[in-house]
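Chains as they are written, first to last, in our numbering: chain X, 1 to 586; chain H, 587 to 670.
Hints are not guaranteed to be accurate.
[As the list claims (entries may be wrong)] Covered stretches of chain X, going by a simulated chain H footprint (3 or more residues, C-beta under 8 Å):
1) 379-386
2) 455-464
[Said to hold, decoys possible] Computed beta-carbon distance windows for the label pairs:
3) H:Pro603 x X:Val39: 46 to 56 Å
4) H:Val652 x X:Thr401: 20 to 30 Å
5) H:Leu607 x X:Trp486: 39 to 49 Å
6) H:Ile588 x X:Thr401: 19 to 29 Å
7) X:Glu178 x H:Leu648: 34 to 44 Å
8) X:Leu9 x H:Tyr629: 43 to 53 Å
9) H:Leu648 x X:Met149: 29 to 39 Å
10) X:Val39 x H:Ile588: 29 to 39 Å
11) H:Pro603 x X:Phe20: 54 to 64 Å
12) X:Gly23 x H:Leu648: 48 to 58 Å
13) X:Ile141 x H:Ala627: 50 to 60 Å
14) X:Thr401 x H:Pro590: 21 to 31 Å
15) X:Gly47 x H:Val617: 49 to 59 Å
FYI, nobody ran anything at the bench for these hints, they're computed from the structure.
Where is the CB? At the ideal position from N, CA and C, for every residue including glycine.
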Amino acid sequence: MTDFVHPALIFILGALPIPFFTGLVRKSYLVLIPVLAIVAVMAIEPGSYGETQFLGQEILIAKVDKLSIVFATVFTIMALIGTVYALHLSGAGEHVAAFVYVGSALGVVFAGDYLTLYLFWEGMAFASAYLVFAQGAGQAIRAAFRYLMVHVTGGVVLLGGILLHGAAAGSLLFGPVEGALDAGAYLILAGFLLNAAVPPLNAWLTDAYPEATVTGAVFMSAFTTKTAVYVLARAFPGIELLVWLGTVMALYGVIYAVLENDCRRLLAYHIVSQVGYMVAGIGIGTELAVNGATSHAFAHILYKGLLFMGAGAVIYVTGRRKLSELGGLYKAMPLTVAFYMAGALAISAFPFFSGFVSKSMVIAAAAQDHRALVMLALTMASSGTFLHTGLKLPYYMFFGTDRGLQAREPPGNMLVAMGVAAALCIAIGIFPGPLYALLPYPVDFEPYTGVHVSESLGILMFTALGFVIFLRALDPESTISLDTDWFYRKGARAFMWFAERPLARYEKAVSDVSETAVLPFLHGSARTGMRLDLNGVDGVVNGVARSILDGGGVLRRLQTGVVTHYVLAMIAGLIAAILVFAVVWR
Amino acid sequence: MIKPVVGFFGDEQYARPRRRLFYLVLFLIIVADFLVSRDHAEYLWERLPGWSAAYGFGSCVLLIFVSKFLGHRAGLMRREDYYD
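Produce the entire structure from the sequences given, and follow the hints as far as they go.
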């Protein structure tokens, strides 16, 4: 136990003193905590830590194996990058929330039982919601409430599943769900799928992430969905349903991205699409596929963080977020453009960028498992990924029509954070060895074969040709897109209408009836009751009391107080009893 | 170093060399696709040189038009004040 420091603890306890520091001390402290966590994760040894009992249930605070270490590694690295990106913030609130959020995500990744998992799961939901609330605008606050309500609902579903599963399996230890899925397992799966943003449970993500603060969205893009990918990989590998959900999801995100005008919402739809690869990989469930899903999560966190940082920098500098209002920024922010493009090429899986060495593993696993349709669909989604993140978004944001916006490079800390993330995206692409060594299963996969490189370039560059030819069709339109949040946004409105109109009217009618008819009746009956009480009940009670008093007076006269009289009476009674016995019985 | 590279992709004056470079890259990719060895091809179409280029282009066009169809005809795209 002494050689194990829980990285979640470093972040959560480390968050507490942040408000008490200011200036340079706070900045140094903010960087120190993620660095300590990275060291703690590097020093971690596989094993079980913190076994205890709670309410008669076995609790395992931390179960460390290769799968949890991969996720913890990238989580702590991303936490450092995200913190550097947010260093310029003057308030402490967002830093505290971000640290609690990261700490909770790490808590889930190491959780050895469902109760620990659930506790940190809820911690993540609340801490991340703060990052949306902190944006402060009315639109953001409404989105944050929706985000919170969806996650609280998902949490309740998860808890229900955990309790059912625990009752059926007799243990709350967190591990692969074995045998046929029962109701409890399905509820747990639903809770996990909600956090993984699998359609139709995806709308919370694309609703809330673009409304978060510039720095908060960077954290959000990394942790919630990837924690869900981790728990799916841990509990549900090889579930056929996930293959199809993942494949649909990969295309779903891409299709919506075509329609999107908000730069960070477009990126959010690409989270949905990219997580689709991971979910499909977990569903395929072979060693290569789970390795692919895991490495893709690792690469994804870094490049998606980078993309959100790039788009965030644009919002920070210009105050605008719609593609239809942006353009021509490349002259003023060339470094941001370059860093953003590193992330865009990584997500598009260009050779020598991180996405290439991870995404191809998932697609190869689909091919190896003889799933031609899945493979083709995922390849099509890659084309769409490059089309939007690599071409459409940078074209309309940085190039395209020059809107004459006043722009400059963002603050130095933002540039450093983007630079580090970009360097990692390229380093992983060129030297995939260290990442492959971290993966849960031994890797027997070579991404850099001639045919693989030429095929990837063919798909990507001819997508670019399509983009050039149909550029005008892609011009951003100032619209929003209906997604599954329509059901609860419109549903909530219908509910409020019901509460304000028919229900309120019914309530008024009921109170009217009670005032005009019921109340006089009640008054009348109360008066009758009182009369009855005074004349009837009181009379009876008084009569009884009077006869008892009279009886008492008669008795008093019989009592003489002389013992011999009493003895005489007793003897007389005894004789009478004997007589009765003798005569009546015999 | 970064500024000139970014400038090359943005500045109007480089439009012609940019286009030429693009077509050259497309050409080289097709050529390369004919030269690489395809011993491990799993599926029939993978043996076809240039299939990925066609598939990439086709996917791109399909995605654009299917999405725009869903957006405009199926009513997914709405005015920005739709929820207000």
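Review point. Which hint numbers does the structure go against, in order from smallest to largest?
Key: As far as the earlier hints go, not one is violated by this structure.
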